[in-house]
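*Asks:* Going line by line, the protein sequences match chains A and P.
Per this note's numbering, the very first residue in the first sequence carries number 1; after that it's consecutive.
Per this note's numbering, the very first residue in the second sequence carries number 99; after that it's consecutive.
Some clues are possibly wrong.
The list that follows gives simulated cross-link-like pairs (lysine to any residue, SDA-like), each with its CA atoms no further than 25 angstroms apart [stated by the list, open to error]:
#1 P:475 with P:386
#2 P:385 with P:476
#3 P:148 with P:290
#4 P:408 with P:355
#5 A:12 with P:444
#6 A:77 with P:305
#7 P:293 with A:77
#8 A:48 with A:28
#9 P:256 with A:15
#10 A:4 with P:148
#11 A:12 with P:227
#12 P:302 with A:28
#13 P:320 with P:165
#14 P:475 with P:454
#15 A:4 with P:307
#16 P:320 with P:461
#17 A:38 with A:23
#18 P:330 with P:397
#19 A:77 with P:443
#20 P:302 with A:21
#21 P:286 with P:445
#22 P:320 with A:7
#23 P:475 with P:455
#24 P:302 with P:268
#25 A:12 with P:315
#26 P:472 with P:461
#27 P:443 with P:335
#28 A:77 with P:302
#29 P:302 with A:48
#30 P:320 with A:77
#31 A:4 with P:386
These are calculated hints, taken from the structure and not from any lab test.
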Amino acid sequence: MAVKSESELGWKDIETGCIVTEAGSAAQYPTGGWRSQKPEYDNSKCNKCGLCYIYCPDCSITQQPDGFYKVDMFYCKGCGICAKECPRDVITMVPEAG
Amino acid sequence: MAKRVGMEVSLAIGEAAKLADVDVVAAYPITPQTHIVEHLAELVANGELKSAYIPVESEHSAMSACLGSAAVGARTFTATAGQGLELMHEVLYVAASMQLPMVMAVANRALSAPLSVWGDHSDVMAVRDTGWIQIFTENGQEVFDTVLCAFRIAEDPKVLLPVMVHLDGFHLSHMIEPILISEEDEVKRFLPPFKYPLALDPKKPVTMGAFAPPVIYSEARKAQEVHLAGTKEAIVKCWDEFASIFGRRYLPVETYRAEGAKTLLMTMGSFSETAMETIDKMRADGKDIGLVRLRLWRPFPTTELRQAVKDAETLVVFDRAISLGSQAGPVCSEVRSALYNLEKKPRVASVIGGLGGRDVTVAGFEEIINIGIKMAKKESQQEIEIFGVRE
Ligand code: SF4
Ligand code: SF4
Numbered sequence: 001m002a003v004k005s006e007s008e009l010g011w012k013d014i015e016t017g018c019i020v021t022e023a024g025s026a027a028q029y030p031t032g033g034w035r036s037q038k039p040e041y042d043n044s045k046c047n048k049c050g051l052c053y054i055y056c057p058d059c060s061i062t063q064q065p066d067g068f069y070k071v072d073m074f075y076c077k078g079c080g081i082c083a084k085e086c087p088r089d090v091i092t093m094v095p096e097a098g
Numbered sequence: 099m100a101k102r103v104g105m106e107v108s109l110a111i112g113e114a115a116k117l118a119d120v121d122v123v124a125a126y127p128i129t130p131q132t133h134i135v136e137h138l139a140e141l142v143a144n145g146e147l148k149s150a151y152i153p154v155e156s157e158h159s160a161m162s163a164c165l166g167s168a169a170v171g172a173r174t175f176t177a178t179a180g181q182g183l184e185l186m187h188e189v190l191y192v193a194a195s196m197q198l199p200m201v202m203a204v205a206n207r208a209l210s211a212p213l214s215v216w217g218d219h220s221d222v223m224a225v226r227d228t229g230w231i232q233i234f235t236e237n238g239q240e241v242f243d244t245v246l247c248a249f250r251i252a253e254d255p256k257v258l259l260p261v262m263v264h265l266d267g268f269h270l271s272h273m274i275e276p277i278l279i280s281e282e283d284e285v286k287r288f289l290p291p292f293k294y295p296l297a298l299d300p301k302k303p304v305t306m307g308a309f310a311p312p313v314i315y316s317e318a319r320k321a322q323e324v325h326l327a328g329t330k331e332a333i334v335k336c337w338d339e340f341a342s343i344f345g346r347r348y349l350p351v352e353t354y355r356a357e358g359a360k361t362l363l364m365t366m367g368s369f370s371e372t373a374m375e376t377i378d379k380m381r382a383d384g385k386d387i388g389l390v391r392l393r394l395w396r397p398f399p400t401t402e403l404r405q406a407v408k409d410a411e412t413l414v415v416f417d418r419a420i421s422l423g424s425q426a427g428p429v430c431s432e433v434r435s436a437l438y439n440l441e442k443k444p445r446v447a448s449v450i451g452g453l454g455g456r457d458v459t460v461a462g463f464e465e466i467i468n469i470g471i472k473m474a475k476k477e478s479q480q481e482i483e484i485f486g487v488r489e
């Protein structure tokens, strides 16, 4: 069954007790829309320790097949935690264009 | 056959919860409710009631524990009063909007300051918009019966909401009255085991109490409002079935010698019994007078109220709470708004009394009615009269 987005749901669609019956629905929420700056990686300094991946509060960072890490901009809210925690200064926060 | 026993009303509430075979009691003692949870603690300790008893550290925690217990489908009971109810405040909304069935007895009490442990309806009025079903009671038997009904209503698959049973602090909670304690098999027949259809289950994970951005919050509230308003049918049906088994009938709005009366007094809670005596006395004196008693406070029974007062010219609404800075007692405001758009309606006067445990006698209600009649004749609707206040 196709899942309705929040803006399509009418009051009659609300489940009893406002329960969300579908697991993992938070994945549909684009926290990336909150971002005013974005992390940029200079992988030449990266030792693949994975700390950025562990600390990201939105689970926006995933490891790539080559072992380096990449940010999913749909979720990255630009908090800068990854840049703060990276022990090798791989990550720089740069303002969003526009 | 049910036994008639002389019992303190608070203890009878404990007995009702025991007969309902509650699974979880989470409560914190507070006057004038303490005897209820003390009695339940005793029943659990001596093995008469097989229930989990959670002696929490505050009312906020009591209500929070009840949320969790109801969410796993356990039959849940608690009780509180006054400041305790206010400390629960934010959690009360959660219980209702997450549709977690549970029953709470509230021994209605005044609010500080000045500190008062005595009865009035200030605590109720502060939680009136929390989304709970709220029922008032007038005597010990009604409290006992209403606790049983409250479980049945709360757990009705068409309802699934928390229910408050209001009883006047001290005036009811501490009275020893003859009460018919129902037999276990009758109660079992009336109250089937609780099957919460949404009970937390690791095999079927759900999110309860999720986050709602502006795009969906209004829809959630509208759904809640329509649902709560629609529970009246199930409440009336429960009371009908209660009557067919136990022979005692309850209605959302009840009247006493009100048929065709030009002047009506309206009360809520135990003071209604005193008011009935006043009506008898005034009727004997040849006065055209009757009484309307509000039993169901939430959802508000607008249709039944309109029907009950349709022939009256004057309606004197007696409130045991003051809505500070408002233009009438809280019940009166609601009654006025329920009648305002009608072509033909009585003039409504607001008289407040019985605050912080102050008694109102049979003669007192006669005075209240006379004050109300005078107020209703005036054009001004702004006046509030607080009965019996010394200059
Ligand atoms: S900026 Fe914040 S949200 Fe974005 S990837 Fe780094 S830690 Fe995650
Ligand atoms: S924390 Fe820094 S060094 Fe470690 S994996 Fe992330 S980017 Fe590379």
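*Asks:* Mind listing which of the numbered hints don't hold for this structure, in increasing order?
*Replies:* 5, 7, 8, 10, 14, 16, 17, 19, 21, 23, 24, 27, 28, 29, 30 and 31
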